[in-house]
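Residue numbers (the numbering used here), protein chains in the order written: chain L, 1 to 614; chain S, 615 to 741.
These are computed hints drawn from the structure, not numbers from a lab. A virtual CB, placed ideally from N, CA and C, is assigned to each residue, including glycine. Take these hints with a grain of salt, some might be off.
[What the hints assert, rightly or not] Far from chain L, by Cβ distances over 10 Å, these chain S residues were calculated:
{"no.": "1", "residue": "I678"}
{"no.": "2", "residue": "G683"}
{"no.": "3", "residue": "G686"}
{"no.": "4", "residue": "S689"}
{"no.": "5", "residue": "E697"}
{"no.": "6", "residue": "V699"}
{"no.": "7", "residue": "N700"}
{"no.": "8", "residue": "P702"}
{"no.": "9", "residue": "K711"}
{"no.": "10", "residue": "K715"}
{"no.": "11", "residue": "K719"}
{"no.": "12", "residue": "V727"}
{"no.": "13", "residue": "G736"}
[As the list claims (entries may be wrong)] Chain S regions said to be covered by chain L (calculated; three or more residues, Cβ under 8 Å):
{"no.": "14", "region": "630-636"}
{"no.": "15", "region": "641-651"}
{"no.": "16", "region": "664-676"}
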Amino acid sequence: MPKYRASLMVCAGAGCEACGCIKIKNALIEELKKRALEKEIGVVLTGCMGPCQNAPIILVYPEKIFYQKVKLEDIPLLVEEHFLKGRPVERLMYQESETKIAVPVMGNIPFFKHQVLRVLRNKGMIDPEKIEEYIARDGYQATAQALLEMTPEEITKVVKDSEIRGRGGAGFPTGVKWESCAKMAADQKYMCCNGDEGDPGAFMDRALMESDPHAIIEGMIIGAKAIGSTKGYIYVRAEYPLAIHRLKIAIDQAYEAGLLGKNILDSGTDFDLEIYQGAGAFVCGESTALMFSIEGKRGMPRLTPPRSTEAGLWGKPTVLNNVETLACVPQIILKGADWFKSMGTEKSTGTKVFSLSGAINNAGLVEVPMGIPLRTIIYDIGGGVPGAKRGRKFKAVQMGGPSGGCIPESLIDTPVTYEDIEKTGAIMGSGGMVFMDNTTCMVDMAKFFLEFTTDESCGKCPPCRIGTKIMLDLLTAITGGRGKEGDIETLEELSHDIIDGSLCGLGQSAPNPVLTTIRYFRDEYESHIKDKWCKVGVCRNLCTFLINPEVCTGCGACMRACPSKAIIGEKKKPHKIIQEACVQCKSCYNTCKFNSIIIGPAQYKGEPVALVKS
Amino acid sequence: MTRLTIDDLKKIKEKHKATFTLREGGYRAKITVHMGTCGIAAGAREVMTALMDEIAQANVEDVIVTTSGCAGLCSREPMATVEIVNHPPVKYVELNKNKIKEIFKEHVLNGNVIEKYAMVIGSETTY
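Isolated chain L (complex conformation) (with noise of 0.2 Å):
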């Protein structure tokens, strides 16, 4: 083994192989062979360490010093300063966003502060596609002990006691899943895995699945002695191919080191298992469909009972479990249940990662403790939204993508957990965050989600089918300036009888967004449709720029923006729009920087300082 003096984690999940981390890993290893430094510093490729906004990133250990947007050009300087030098360089740390003070270290930095890493315990510690590194970090320790000290009611038990709850979005007891179909008596069990993650704004399983890959199939081989499986199969959907490609690389390891196949740590257990690339039909996420795509038939949820654990793949009893709620069965194994139920509250216990994006200054993914109000997520952690000096706010988060709601800012202070999340009418879903400031239509937003499910709809139901068409047709007239008194009702009504008349949980969960959408901003539907004015100018044809003479400084930022040459107007004297020109790309609106520009109902021919009096 060669001894390390630093090690430079460069972080080589999927946002930051985008931004060039290879060409980094690269550029860092030629730079320290030229200063002679190889033999001391070693470097590492790790997955995802969360700060996806912020790629590339690099965590030098053993200093824990945190760099972050590092460019091809900064590496010479990274490397005789602080390598060599042992000066830590500044420019390339995290800043505050307030003060501008670099923030060394990473533990400090109030994005890492908020978290509790369990579930992403490993990231920014091991190399993914080196088993060695996992074992090193109490990696099939679990297993052997399962495997080889406890019975399979053991295992159950613990997890059953723990309370852990399925983290891809539902929430059902894992250990009640596991011991329902422990109790089948079948010649043949499935243990799955659902990778299929197709939610727009998550990528937690993603992440997981690239950056630890070995906690995943280490909670299966748990869970296959458990109910008594010798067979598996993760289902990722083919869009992964970095998650393919490193579980790939730790199922291979995993049969090399016999922890995988015949008579793992020679127990007498056997587990096969193998991946199923799925095409990425959002609809195989349901469990039912997901069986029947890897039987190779087309994916469409059946009527349940029976349930999966009772005939699941090829009619066999199978369990079905979450990327997470995997990952998370090692440690409740080696730690015990009350470990687990330390973190979390009574009824959602341990933690939960999220993905949060959108309109947030630190996208990225994140593990928090459940129970956690959403103000801590969005303010501390995530740091509020971006552009406040211009007025921007935060206005509201959708959880749980196109099945879950959205939550408005009155509501922030609710603490995220499984029963609170879903009394706001959303879900916690498998843990996407996307994040809406005030410069966000609400019916727009709902007709995007809309557009998904109506999509995504595999068409069995047609309620689901038809419904979730006519939903978006009428979403469409709304944002058109088509709507018409009686729409927002006829929504409603249509969304409960979708939720009433369909089989699996897409069409169940599709009306969610609307619903929560004329929830929480029903005033935003009503004048979309009665005053014919969008007011946050996102549905062209619902609305008027126009500039607030009294504000504007005459700068011509506005006139060099528009695409169209709708502006006028002398400089330092207050300009004007040719409504006849405008094309309402908004560009103005953006671009302005003293709020100047003001958004009137459609075809409004009146003052524009009318319309800021009242």
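Since the structure of chain L is already known, use the hints to place chain S on it.
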């Protein structure tokens, strides 16, 4: 890789202990070699190499080595600071490869400060 047994799992963990002491923290001793321009000019590079070799030979898992910039006393470089957890740091001056090897064996491994090479014990006061 051959089929693993439980013992192998433990062995692999042992083998990688040094790597993870570095990443997880929890080390017993930290040696800082001052690698400012002055230090490097006076031979700090050689001191560092000798120290790394010595650690590899001794096969210890709980000692980490870092670098830092100029310690402010350029005339007495190369310098190194040895910090044993729960003990005040000791600054050594005018080092060469033999001295650092001796310091590693006597101070880091056996816990005896070598006073003849040491300049000061304790940290500077910072305000």
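So, going through the hints one by one against the coordinates:
Annotated as non-interface, I678(S) brings its C-beta within 10 Å of a C-beta of chain L; the closest such distance is 5 Å. For G683(S), the requirement that its beta carbon stay farther than 10 Å from each beta carbon of chain L is not met, with the minimum near 4 Å. Every CB of chain L is more than 10 Å from the CB of G686(S) (nearest about 13 Å), matching its label as outside the interface. Non-interface call for S689(S) relative to chain L: holds, since the shortest CB-CB distance, roughly 18 Å, exceeds 10 Å.
In this structure E697(S) is separated from chain L by more than 10 Å, as the shortest Cβ-Cβ distance comes to about 12 Å. Remark: the non-interface label on V699(S) is consistent with the geometry, its nearest Cβ contact in chain L lying 13 Å away (cut-off 10 Å). Residue-level check passed: N700(S) sits 18 Å from the nearest beta carbon of chain L, beyond 10 Å. Separation of P702(S) from chain L is adequate, the least Cβ-Cβ distance of about 20 Å exceeding the 10 Å criterion.
K711(S), annotated as away from the interface, keeps every beta carbon of chain L farther than 10 Å; the closest lies near 15 Å. Under the 10 Å C-beta cut-off, the non-interface status given to K715(S) relative to chain L holds; the minimum distance is some 15 Å. Even its closest Cβ contact with chain L, about 16 Å, leaves K719(S) beyond 10 Å, as expected for a residue assigned away from the interface. No Cβ of chain L comes within 10 Å of the Cβ of V727(S); the nearest lies about 22 Å off, and the non-interface call holds.
Non-interface call for G736(S) relative to chain L: holds, since the shortest CB-CB distance, roughly 21 Å, exceeds 10 Å. For the region 630-636 of chain S, the stated coverage by chain L is satisfied: 6 residues place a CB nearer than 8 Å to a CB of that chain, which reaches the threshold of 3. Note: the region 641-651 of chain S has 8 residues with beta-carbon separation from chain L under 8 Å; the three-residue rule is met and the coverage holds. Remark: the region 664-676 of chain S is confirmed as covered by chain L, as 3 of its residues place a Cβ nearer than 8 Å to a Cβ of that chain, reaching the required three.
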